[in-house]
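717 is the number that our numbering gives the last residue of the sequence shown; the numbers go up by one with no jumps.
A couple of the hints might just be wrong.
As the list claims (entries may be wrong) - Computed beta-carbon distance windows for the label pairs:
#, residue 1, residue 2, range
1, 532, 627, 23 to 31 angstroms
2, 557, 648, 47 to 55 angstroms
3, 651, 530, 23 to 31 angstroms
4, 665, 530, 35 to 43 angstroms
5, 532, 664, 19 to 27 angstroms
6, 530, 645, 30 to 38 angstroms
7, 686, 573, 44 to 52 angstroms
8, 572, 532, 36 to 44 angstroms
9, 570, 646, 30 to 38 angstroms
Keep in mind the hints are simulated off the structure, nothing from the lab.
Keep in mind that this is a model prediction, so the values were computed, not measured.
Even for Gly, the Cβ is constructed at its ideal location relative to N, Cα and C.
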Amino acid sequence: MKARASPLITIAWVWVFVGCEPSYLDNKRCDEDGRCLPGYTCLVEADRCIPNGSADDRVCRGDRLITHDATGAEVAIECALGCNADARPNRCYLLDPSNLEPASKAFLCSGSQKLVVSSDATLDTASGKVQFRDSDLTPERFRIQFQIAGAPALAVIAFSSVRIEAGARLWVTGPNALVLLACGELRVDGVLDGSGGAGQMLSDGASVAGSGGPGGGRG
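Sequences are here, hints too, so could you generate the full structure?
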């Protein structure tokens, strides 16, 4: 029997790449832990991320963005890929994902829902739902984007942050290719499995073979 072809998987981080400061991050909601991207702080009462400091109080010092708090004390923010001293005002380098319209990016990154996988789970690209052993997670930000020339449709799923813990496996199944967008931190210490070899999770947590993803049967 021929092996099933793997679902296509694209993972995007929105905080570890160079580019102009993305306008789609303006007024982004704080995540479920009250966190924001580097260079932003959570305004708790409004549940919104705002730039640290004023436009005149944001200066690069090496890979750090320096601002000051209300008392005048210096605040140093670590920039994951360095600080952009050529920008006015200075800011941390951030990613501006390609192939998504500004309105789509603004919508996808406006949520506060996070994904934490601490044990084996299954993600269905038809519905976006993540099935754990004892519960399900329905994403707040999920869209199907169709492509031309017979290419598989894209299941675009966005979370404020994504973490797959050590020893955990996230199986990807379903008819669509997966685009997993983390609008903040993304950490994979476990396994993100797009092989299509385990399509269903039983009530006891065991996985059984499924039909594979796009291209199944042509591998």
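**Request:** If any of the earlier hints don't hold here, list their numbers in rising order.
**Result:** 4, 7, 8 and 9
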